[in-house]
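Asks: Here's the letter readout for the chains.
There are 6 protein chains.
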Amino acid sequence: MFIPSLFIFSLLFASSQASVVDFCVADLSLPNGPAGYSCKKPSTVTENDFAYSGLVPGNTSNIIKAAVTPAFDAQFPGVNGLGISIARIDLAVDGVIPMHTHPGASEILIVIQGTICAGFISSFDNVIYLKTLYKGDVMVFPQGLLHFQINSGTTTALAYASFGSANPGLQIVDFAFFKNNLPTELLAKTTFLDIAQIKKLKAVLGGTN
Amino acid sequence: MFIPSLFIFSLLFASSQASVVDFCVADLSLPNGPAGYSCKKPSTVTENDFAYSGLVPGNTSNIIKAAVTPAFDAQFPGVNGLGISIARIDLAVDGVIPMHTHPGASEILIVIQGTICAGFISSFDNVIYLKTLYKGDVMVFPQGLLHFQINSGTTTALAYASFGSANPGLQIVDFAFFKNNLPTELLAKTTFLDIAQIKKLKAVLGGTN
Amino acid sequence: MFIPSLFIFSLLFASSQASVVDFCVADLSLPNGPAGYSCKKPSTVTENDFAYSGLVPGNTSNIIKAAVTPAFDAQFPGVNGLGISIARIDLAVDGVIPMHTHPGASEILIVIQGTICAGFISSFDNVIYLKTLYKGDVMVFPQGLLHFQINSGTTTALAYASFGSANPGLQIVDFAFFKNNLPTELLAKTTFLDIAQIKKLKAVLGGTN
Amino acid sequence: MFIPSLFIFSLLFASSQASVVDFCVADLSLPNGPAGYSCKKPSTVTENDFAYSGLVPGNTSNIIKAAVTPAFDAQFPGVNGLGISIARIDLAVDGVIPMHTHPGASEILIVIQGTICAGFISSFDNVIYLKTLYKGDVMVFPQGLLHFQINSGTTTALAYASFGSANPGLQIVDFAFFKNNLPTELLAKTTFLDIAQIKKLKAVLGGTN
Amino acid sequence: MFIPSLFIFSLLFASSQASVVDFCVADLSLPNGPAGYSCKKPSTVTENDFAYSGLVPGNTSNIIKAAVTPAFDAQFPGVNGLGISIARIDLAVDGVIPMHTHPGASEILIVIQGTICAGFISSFDNVIYLKTLYKGDVMVFPQGLLHFQINSGTTTALAYASFGSANPGLQIVDFAFFKNNLPTELLAKTTFLDIAQIKKLKAVLGGTN
Amino acid sequence: MFIPSLFIFSLLFASSQASVVDFCVADLSLPNGPAGYSCKKPSTVTENDFAYSGLVPGNTSNIIKAAVTPAFDAQFPGVNGLGISIARIDLAVDGVIPMHTHPGASEILIVIQGTICAGFISSFDNVIYLKTLYKGDVMVFPQGLLHFQINSGTTTALAYASFGSANPGLQIVDFAFFKNNLPTELLAKTTFLDIAQIKKLKAVLGGTN
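Chains as they are written, first to last, in this note's numbering: chain F, 70 to 278; chain B, 70 to 278; chain A, 70 to 278; chain E, 70 to 278; chain G, 70 to 278; chain R, 70 to 278.
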């Protein structure tokens, strides 16, 4: 072809005013807003903002024999403004991710290793959707609904959860109920749980009142 | 002014192909989609599609001494596609709206009569935000978070809850846990509740397994 | 159940980088953006950010015998980023909320007291949807359309308007036309109103030119 | 390079279930929904769905000496679901596009020929933003705000208006007030216009009551 | 606690008009719309709609030594309307996912096995962001940008790609240029590629003209 | 009518806390966020923020005999947050806008002068949609898809492109491939282009490696 010269080509789209259109890597040092964090200056963005190596095996030597390791915007600034994120889930034998919701995102779980029994509860008629998932299986949990995962096999299980938000949130019912200073009487009244049950779990989880 | 004739004026915006741009009143007889119901033909829409008189006092002669009466898209077709809806909340003395979430909407509560203690739990550090609300007070509950309302006064209370969705959903934790066939063992494992506690509430609420 | 120890439980979701995912209370001292105000630091947020007691009876001793009292993001910082807000409407006998639009939000009106005649005008064929609303009735006004409310009863009327935006805007046609320096000739040309009519209303509302 | 065979290449992304991901050309024969019309079957879509030749000069032999010719989803099915559309504006000498809003879209006007005086009114303090636009100038009108265009030159003017919606709507204040059966008394009460003024314009525009 | 009876509890939220609020499983037999497919009737939805076992190892005995196996809405109806999906990527030794875009979604890649060199090109200054990813590493590719993945290790590689759309699309540049009937002259003119180069790749990929 | 006094009218909507609801003119001196730039203080906004005269004829004395002149948010701050923008396209005889995408926006092209052959490629089955457009014709290019425009007439051509984003981006395939430091071997591997072809175009466009 007939390509005579380089320098004139660069005239095609010469805007004196630079603007980053493709991404908005989070600048965690600035105040955030309803749509996410402010963007880092493009000249300071590198490939390391878009990759993350922190999804290492979690420590499952705990009561739930499980660990959730997030790569949300606060850990992985490259996803800011892009509406997606991911987390690693480790489940030792008998491990459990207790009943929880993500207030602002749907989730897809992909099982990498082991066997996981997962389920969610519909807000319509309280229907349970329950599946045993094997290596390579995926399951979707619609936004905001109560769901859980348990290791239903005999070996360690590993899964990744991808989310439709850079910051999906995680509200674990047990923590919300028993790991704060919500008064026991109020909690009993709004959950129908017995006082003794509440006090027992508050003691375990560190709740007061 | 100089306004010579009517008929030519109508030429301004004469499109042979009619299109409803302003609203999309739900046609509940057609399949719905991710964004809501299909629209009724404009020629069949009347003012009655945009008004609703069904927010009458709810029957609070029940265990929670409370009633929620919705005007969501299924009851009030005019809100379809507009991203808002409303519900009436009646609380008899000692009435409670138990711990619940709206999976897809934030809520503003406005107290019309009586005194209501309301609260929500943040997914960050499980912080409780708790307020006693009097006539005329409003409170906002961010999307997807666990919250509750109780009548904390000595008279009947009335409130309206407005939502940022035509179909906000309502997931009551007690119903989700105890009013279905979710196996007791599985529920115990994912909530840390005692088996006895679960069986007791399943018995009350009609849950099986 | 078998809950051996507390401290290991806290390992479940330990992110060194805090992030508020659930809400974004407006920091009105910082610049806002297209999606709303910047978020207050979570440690400074209290329950008072989520509740508002300013929806007191408005002063209706004015020409329209009406008052609109907003709880939008600028007054009620907790709604920032949540896409909802509310306002109180007081109508004395013969009170009128004149023809207006909310440029960026749909509205649901709930009548608390009195009788209100409300209506909106479709942009398609200029159809009027007009209803007389009694205590407990609701009506929805689709986004951006001209609408109005008048007290059509014999007593004071009270209503709340909920919106699908934290900042719905309010453009009153009379104010937009007659309460600024829009030149009379230009206004006549673009509205077909008589010069005398324009001058009369400009005099009343304080418009110039 | 080393490219041995064709047929195995086609294995890369062979989904037995076809799905159109790129566009959703409107099937105007099916009911529409809140997000737009249903999609035509991909096999019936042609290049003619994505191009439109109907933006021909409008007839300006009318009272406003102007014409608006839309290419919205109902005329130009290819824009369905894509959130954009366009219209042609012809203004004869002294032509006027009267005060109007687009309830659901912002607009950019580009002047192709002639001189246009355009303005919009902010809902905040009723500030007027007014500009005389020459060939090649653009002006943006934020969503839902009252605005107008007039031919302020001595020749015919031509402009295109592009919108951030496939169906932006068009609510002309004069039509909304005077070209329907909205009762004169009610209109007077909600606009402060004189009865005589209303009757005069209703007579011109065909309004009743 | 004091829970006298079951049947009255069910009065709390008794809406005669059923409505599915939590999800919208695709009914692939109905026309789709801009927001996705119509919803299946809730009574026909089962747990199998929310899980998918089709992400099996792809056949990499092809020219690119790679395979992409999607779980988008057309394969995995449960993600319809939820704004997320996932795909499996198999890369044999020397395997390549050629330069491509997803027109409507950002992507997170998680490496399960092997070593992958991945990169994307910014539309601003054509900057390349290039990373070698090892087992457990993630990388994000912002919406619509050109990107690629190659097996840069000595063993088979496996990864999952999660997307912020139920139907992210996949436009492979080589396919778009050389695997259709786009005239060679036109392609040369719009890509600056040599005619011989174009004809060579058209021959391989099955393009005509 | 009965309009007694001005000053009381101003009580209608008196909020002590000002808030700009209608627009968010970009303050280019502040960091931007995922939804766009921060807003200028309303008191500093003028009509000049909403109009732009910079869409002047571009210099087409270059290799592609074409020029694109943008009025995106960085050039035209009034469009910030409004989701629309526009650009001017000049095509000399034989001018070409090479294969490109806008990663985050759909586009409507309107031909003002001359004859333009335009086309886009679907990601589904690589179908080409190709049209010759004459003065006054419009064509829509769905979001993120590869497309191009060439002057197919015998005179200079002029067109405007409107976008459904204030910052649509522009990724030209030739620039992305050949005008940076993407290693030739990697590019060959991910595009199947011959090394010689790549080196030839890198030489022209200034690419290295």
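Any given hint could turn out to be false.
25 Å max Cα-Cα, derived DSS-like pairs, lysine-lysine [as the list claims (entries may be wrong)]: (1) R:K258 with G:K269; (2) A:K271 with E:K200; (3) A:K258 with E:K268; (4) G:K200 with G:K269; (5) A:K134 with A:K258; (6) R:K204 with E:K134; (7) G:K200 with G:K134; (8) A:K204 with A:K258; (9) B:K134 with B:K200; (10) F:K271 with B:K269; (11) R:K200 with G:K268; (12) F:K271 with F:K204; (13) F:K134 with B:K134; (14) G:K134 with F:K134; (15) R:K204 with G:K268; (16) A:K110 with R:K110; (17) A:K271 with A:K258; (18) G:K134 with G:K269; (19) F:K258 with B:K110; (20) G:K258 with R:K269; (21) A:K134 with A:K271; (22) E:K134 with E:K258; (23) E:K269 with A:K271.
Hints are computed from structural coordinates only; laboratory data are not their basis.
Asks: So, for every hint listed, does it hold in this structure?
Replies: Status of each hint after checking the structure:
For the hint linking R:K258 to G:K269, the alpha-carbon distance of about 16 Å falls within 25 Å, and the restraint holds. With a C-alpha separation of about 22 Å, the suggested pairing of A:K271 with E:K200 holds against the 25 Å cut-off. Restraint check: the Cα-Cα separation between A:K258 and E:K268 comes to about 18 Å, which is no more than 25 Å; the hinted pair holds. For the given pair, G:K200 sits about 31 Å from G:K269 by alpha-carbon distance, which is inconsistent with the 25 Å threshold.
Simply put, A:K134 and A:K258 have alpha-carbon atoms about 31 Å apart, too far for the 25 Å limit, and the pair is violated. For the hint linking R:K204 to E:K134, the alpha-carbon distance of about 23 Å falls within 25 Å, and the restraint holds. For the hint pairing G:K200 with G:K134, the CA-to-CA distance comes to about 20 Å; that is within 25 Å, so the pair holds. For the suggested pair A:K204 and A:K258, the alpha carbons sit about 42 Å apart, so the restraint of at most 25 Å is broken.
Proximity of B:K134 to B:K200 is assessed by CA-CA distance (about 21 Å); at most 25 Å being required, the pair is judged to hold. Annotation: proposed proximity of F:K271 to B:K269 holds, straight-line Cα distance about 20 Å (limit 25 Å). This hinted pair checks out: R:K200 and G:K268 have alpha carbons roughly 23 Å apart, not beyond 25 Å. Pair hint F:K271 plus F:K204 does not hold up; C-alpha atoms about 36 Å apart against a cutoff of 25 Å.
For the given pair, F:K134 sits about 40 Å from B:K134 by alpha-carbon distance, which is inconsistent with the 25 Å threshold. Restraint check for G:K134 and F:K134: not satisfied, since their Cα atoms lie roughly 39 Å apart, outside the 25 Å limit. Our distance criterion of 25 Å between C-alpha atoms is broken by R:K204 and G:K268, whose separation comes to about 34 Å. For the given pair, A:K110 sits about 23 Å from R:K110 by alpha-carbon distance, which is consistent with the 25 Å threshold.
At most 25 Å may separate the alpha-carbon atoms for a hinted pair to count; A:K271 and A:K258 meet this at roughly 16 Å. Proposed proximity of G:K134 and G:K269 is supported: the alpha carbons are some 20 Å apart, at most 25 Å. Annotation: proposed proximity of F:K258 to B:K110 is violated, straight-line Cα distance about 47 Å (limit 25 Å). At roughly 16 Å between alpha-carbon atoms, G:K258 and R:K269 fall within 25 Å of each other, so this suggested pair holds.
Between the alpha carbons of A:K134 and A:K271 the distance comes to roughly 19 Å, so the proposed pair stays at or under 25 Å and holds. As the CA atoms of E:K134 and E:K258 are separated by approximately 31 Å, the hinted pair breaks the 25 Å bound. Between E:K269 and A:K271 the CA atoms are separated by roughly 20 Å; this keeps the pair inside 25 Å, and the hint holds.
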